[in-house]
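K.L.:
Produce the complete structure using the sequences and hints provided.
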Amino acid sequence: MVSSEDMLAGLRERLGPDLTSESKDPKNTFTINTRKERVREVARYLIGEVQGRLIQVSVIDRGLDGYEVVYHYSLDHLEKNLHINVKVLLPADEPEVESVSLEAPESSWSEREMMEFTPVRFINHPDPRHLWLPHEWPNPVESEKYNPVERNGVLTTPATYSKNSEASLIPLGPYHPLLIEGAYFRVKFDGEEITDADVKLGWNHRGIMKLFESRSYTRGAFLAERVCGICNVTHTTAYLNAVESLSGIEIPDRARYIRTLMAELERVHSHLLWLGVAGDLIGFKTLFMLSWKVREQVLDVFESVTGSRRAPAMNLIGGVRKDVSSENIKKTERRLGGMRREVERLVDIAYNHPVVRKRLQDIGRLNLATAKNAGAVGPTARASGWKLDTRSSSPYAAYEYATWDVVTDGGGDAWARTIVRLKEILVSIDISTQCLEALNHRGGPISIEPVDPKDFKLSEALGKAEAPRGELVYYIVSDGTNIPHSVRIRTPSFRNNALIPNLLKGHTLADAPIIVGSIDPCYSCTDRTVIVQDSRRDTIWKTALIDLASVRSR
Amino acid sequence: MTPTVTSFEGALLLLLVSFFLGVLYSYEVRKISARLQYRRGPWLLVPKSLRKTLGTTRLLQPLYDILKLLYKESIIPETARTRLFKTAPLVALTCLGAAAILTPLAGYSPFASFELSLVAVLYLLLGVPLAFVLGGAVSSSPWGVVGSQREAELVLAYETPFIIGVFTVAVMADTLSIQSIVAAQISRYPYLLLNPFSAAAVFLAIVGKLHLKPFDIPEAEVEVVAGPMTEYSGRLLGLIEIGKVLLISISVSLFIDLFLAGGMIPRLGYPLVALIFILEGFLVVSLITLVHTLNPRFRIDQAFRWYLKVPTLLSALGLVWAYSLRYLHTAILWG
Numbered sequence: 008m009v010s011s012e013d014m015l016a017g018l019r020e021r022l023g024p025d026l027t028s029e030s031k032d033p034k035n036t037f038t039i040n041t042r043k044e045r046v047r048e049v050a051r052y053l054i055g056e057v058q059g060r061l062i063q064v065s066v067i068d069r070g071l072d073g074y075e076v077v078y079h080y081s082l083d084h085l086e087k088n089l090h091i092n093v094k095v096l097l098p099a100d101e102p103e104v105e106s107v108s109l110e111a112p113e114s115s116w117s118e119r120e121m122m123e124f125t126p127v128r129f130i131n132h133p134d135p136r137h138l139w140l141p142h143e144w145p146n147p148v149e150s151e152k153y154n155p156v157e158r159n160g161v162l163t164t165p166a167t168y169s170k171n172s173e174a175s176l177i178p179l180g181p182y183h184p185l186l187i188e189g190a191y192f193r194v195k196f197d198g199e200e201i202t203d204a205d206v207k208l209g210w211n212h213r214g215i216m217k218l219f220e221s222r223s224y225t226r227g228a229f230l231a232e233r234v235c236g237i238c239n240v241t242h243t244t245a246y247l248n249a250v251e252s253l254s255g256i257e258i259p260d261r262a263r264y265i266r267t268l269m270a271e272l273e274r275v276h277s278h279l280l281w282l283g284v285a286g287d288l289i290g291f292k293t294l295f296m297l298s299w300k301v302r303e304q305v306l307d308v309f310e311s312v313t314g315s316r317r318a319p320a321m322n323l324i325g326g327v328r329k330d331v332s333s334e335n336i337k338k339t340e341r342r343l344g345g346m347r348r349e350v351e352r353l354v355d356i357a358y359n360h361p362v363v364r365k366r367l368q369d370i371g372r373l374n375l376a377t378a379k380n381a382g383a384v385g386p387t388a389r390a391s392g393w394k395l396d397t398r399s400s401s402p403y404a405a406y407e408y409a410t411w412d413v414v415t416d417g418g419g420d421a422w423a424r425t426i427v428r429l430k431e432i433l434v435s436i437d438i439s440t441q442c443l444e445a446l447n448h449r450g451g452p453i454s455i456e457p458v459d460p461k462d463f464k465l466s467e468a469l470g471k472a473e474a475p476r477g478e479l480v481y482y483i484v485s486d487g488t489n490i491p492h493s494v495r496i497r498t499p500s501f502r503n504n505a506l507i508p509n510l511l512k513g514h515t516l517a518d519a520p521i522i523v524g525s526i527d528p529c530y531s532c533t534d535r536t537v538i539v540q541d542s543r544r545d546t547i548w549k550t551a552l553i554d555l556a557s558v559r560s561r
Numbered sequence: 003m004t005p006t007v008t009s010f011e012g013a014l015l016l017l018l019v020s021f022f023l024g025v026l027y028s029y030e031v032r033k034i035s036a037r038l039q040y041r042r043g044p045w046l047l048v049p050k051s052l053r054k055t056l057g058t059t060r061l062l063q064p065l066y067d068i069l070k071l072l073y074k075e076s077i078i079p080e081t082a083r084t085r086l087f088k089t090a091p092l093v094a095l096t097c098l099g100a101a102a103i104l105t106p107l108a109g110y111s112p113f114a115s116f117e118l119s120l121v122a123v124l125y126l127l128l129g130v131p132l133a134f135v136l137g138g139a140v141s142s143s144p145w146g147v148v149g150s151q152r153e154a155e156l157v158l159a160y161e162t163p164f165i166i167g168v169f170t171v172a173v174m175a176d177t178l179s180i181q182s183i184v185a186a187q188i189s190r191y192p193y194l195l196l197n198p199f200s201a202a203a204v205f206l207a208i209v210g211k212l213h214l215k216p217f218d219i220p221e222a223e224v225e226v227v228a229g230p231m232t233e234y235s236g237r238l239l240g241l242i243e244i245g246k247v248l249l250i251s252i253s254v255s256l257f258i259d260l261f262l263a264g265g266m267i268p269r270l271g272y273p274l275v276a277l278i279f280i281l282e283g284f285l286v287v288s289l290i291t292l293v294h295t296l297n298p299r300f301r302i303d304q305a306f307r308w309y310l311k312v313p314t315l316l317s318a319l320g321l322v323w324a325y326s327l328r329y330l331h332t333a334i335l336w337g
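As they're listed, the protein sequences go chains A and B. For the first sequence, our numbering begins at 8 and goes up steadily by one. For the second sequence, our numbering begins at 3 and goes up steadily by one.
Take these hints with a grain of salt, some might be off.
Result set (DSBU-like, lysine-lysine): computed pairs, CA atoms no more than 30 Å apart in a straight line [what the hints assert, rightly or not]:
{"no.": "1", "chain 1": "A", "residue 1": "LYS43", "chain 2": "A", "residue 2": "LYS300"}
{"no.": "2", "chain 1": "A", "residue 1": "LYS87", "chain 2": "A", "residue 2": "LYS379"}
{"no.": "3", "chain 1": "A", "residue 1": "LYS365", "chain 2": "B", "residue 2": "LYS246"}
{"no.": "4", "chain 1": "A", "residue 1": "LYS300", "chain 2": "B", "residue 2": "LYS50"}
{"no.": "5", "chain 1": "A", "residue 1": "LYS512", "chain 2": "B", "residue 2": "LYS311"}
{"no.": "6", "chain 1": "A", "residue 1": "LYS300", "chain 2": "A", "residue 2": "LYS207"}
{"no.": "7", "chain 1": "B", "residue 1": "LYS246", "chain 2": "B", "residue 2": "LYS311"}
{"no.": "8", "chain 1": "A", "residue 1": "LYS512", "chain 2": "A", "residue 2": "LYS207"}
{"no.": "9", "chain 1": "A", "residue 1": "LYS379", "chain 2": "A", "residue 2": "LYS207"}
{"no.": "10", "chain 1": "A", "residue 1": "LYS87", "chain 2": "A", "residue 2": "LYS464"}
{"no.": "11", "chain 1": "A", "residue 1": "LYS430", "chain 2": "A", "residue 2": "LYS338"}
{"no.": "12", "chain 1": "A", "residue 1": "LYS365", "chain 2": "B", "residue 2": "LYS311"}
Everything labelled a hint here was simulated from the structure, so no lab data went into it.
P.N.:
Shown next, in the form of structure tokens:
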């Protein structure tokens, strides 16, 4: 175990005079500034020696000062709440910095993302192809160019077209029944076996991170809710964790319990939804129908408690919007009891069916080393035996008050991922029951006055929450006005989707759907912009869309 | 009964009844699987408030689906081999039509009395997947090609127990005419009782033949879209759907003919026999539906191995059983 003191001492020793400043915020997040020549050394130390995780690379536009690259390292699996932001300021006329993808392979996608959103170039990046933009833009052949580099066997060489190859390429997507949303997996076959695979994102990109920069903090909560249709409570929770750190307020206990209740019910709903989809992916329609029937009851609970089946808009800055009445508490408790019985029956069906077992066992194996190397999060990491759960490592809301265990499984295959999720449903029902009990016994306010943005205690904050798919990260930079300067989101699927090509290798086409599905990928989380085109193929911009919307709803 | 002047009418009657039964069976598959999955499925009796728009019953829903397809446009990919692509469904339909005429329904069959009619039906039924393989392969869609490949592998897997099981029956009845097999059962016992092993093997092979779960591998939606059928649309797809309806009807009728004495019970009049035949048909279909609903899909290699392990073994056991029965019979008769 490395304590924060040791880690800081190590950094000071290595960087010497290049460590230009360091600070610490009340939530155990350190921020250091250094020079751009040293970022790889810092990565080598924090990833290689301290065993930290690089959770995101953000680029903040500082105007005339240049571009600030922030490497967010999370060490909360070593010490509670411990995070460190390593900042580098790049001049505006030459925003170039060495890529850390070789030291931290998990940063590959983050760097590619930032290269497309900002003018910053990460030089010597092993895979500088477009992540969001079409591969063939602006030049068809040039942008597919790719130099294979030795990368610990973690990142894959992409499946590209070549004329003199015997192998066949099959496009799984952008529109394919395997995928509920738009995504594109290019899969290379040698006979039956998948030899190579590549993911292309950007089919559902909605520019939400940019939209945040034109909305007040209060409205941001509702926007965060719309990043993902499945885990919207978690998105607002992570967003508000960051905003509340910025403003330095602590929300009342009752609000904490309500937030936890909502988040856990959402996890139940999401995992049940996943179970159904996974059933469908191995052709088990009956399991799909049964688990969605139970999921419907969760949505009923949401409706009776919040008034809305999804996107309940419960979380606000400083607390929650609506109290849970004692009548609703009783009703929900009763429903949860019934739900638990039905979930147990579902678990029984999924667990004991010989064909289900046959289809899932030994499929898409992810060993612990690869999971750590590629930065897997959530149930995907936990199914590989990595005890990684934001709820316990960086507790928020009321998770510290409840008693529960992190579910792990050492198998690492699709079967283990299924088991972890099934057990998590039961754990979530447990936590929800505890929250209901607490809500029953103690009263108190459900929200406090938010702080004016000009009185914010901090200028930047990291907010995390455990979404059903894994660790969700929000990074918000405030400039003292009522709208955030920058909001950066790292969704769990953004990490886990990068693993898919790796998992597909060596399996057959028949297993591809369940391997992709076993990650529980969420594409609307991964992508965040969509371009709307009218019938004349002209791009419609925001103002025109607002006009159209008002015409429609008049 | 020999083919006479009425043979054309007889053939037409067999075809139409076969098709109609197929529609009813398809309805049953949809209804039972829906009820098992907490869905409603097509109404058997439409509630009063909806009758104006929906009619009294949606029993013929599978037929309406086909009719809808028949008056839609067929889109053929530019890169497909057009002539072969168009021919494949016709070939499948022709095979099925001929097989329908040769399969006795409730003992009525003007054509199945000739020796080797069983062999003819087996060949005709084998023609159907081959036509689908052809259609998928020339459709110029990667999913069509992959689906065709899977279809060909699956045929190899289920055809072995099917053929062994069916010929075991022929051995027991000492004839290759379906009509005589039915007749042989009427005088003794249905072969389901005498040889349950072969019956089970043939039943499981039929599930594969109909592409129901766990063997809907060639048409697995999430993997290969619709397999060989991916590029078919409109009228051509309608023909394929007609073929599927005929296939379920013929497979079930054949099963009843071979193992349940064709619904015939000695000293029973005609309308009653027809009723028993249909009831037995519904029973077989509900069993098939149960298998279909309660299973996920196998992977092709798993399906192949499973077919070798269970049904093929069962059918081999059935063959041994048939010969030992025969030996026992003679021993008792002579001893």
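K.L.:
State for each hint whether it applies.
P.N.:
Each hint, compared with the structure:
1. Distance hint between A:LYS43 and A:LYS300 is unfulfilled; the C-alpha atoms sit about 54 Å from each other, more than 30 Å.
2. For the suggested pair A:LYS87 and A:LYS379, the alpha carbons sit about 19 Å apart, so the restraint of at most 30 Å is met.
3. A hinted pair counts as satisfied when its Cα atoms are at most 30 Å apart, and A:LYS365 with B:LYS246 qualifies at roughly 29 Å.
4. Restraint check: the Cα-Cα separation between A:LYS300 and B:LYS50 comes to about 27 Å, which is no more than 30 Å; the hinted pair holds.
5. For a cut-off of 30 Å, the pair hint linking A:LYS512 to B:LYS311 stands: about 29 Å separates their Cα positions.
6. Only pairs whose Cα atoms come within 30 Å are accepted, and A:LYS300 paired with A:LYS207 is rejected, the gap being roughly 33 Å.
7. Distance restraint check for B:LYS246 and B:LYS311: the Cα-Cα separation of roughly 27 Å lies within the 30 Å cut-off, and the hinted pair is therefore satisfied.
8. For the hint pairing A:LYS512 with A:LYS207, the CA-to-CA distance comes to about 17 Å; that is within 30 Å, so the pair holds.
9. Between A:LYS379 and A:LYS207 the CA atoms are separated by roughly 23 Å; this keeps the pair inside 30 Å, and the hint holds.
10. Distance check on the hinted pair: A:LYS87 and A:LYS464 sit about 22 Å apart at the alpha-carbon level, within 30 Å; holds.
11. A distance of roughly 24 Å separates the Cα atoms of A:LYS430 and A:LYS338; the hinted pair therefore holds under the 30 Å criterion.
12. A C-alpha spacing of about 15 Å is found between A:LYS365 and B:LYS311, which places the hinted pair at or below 30 Å, so the restraint holds.
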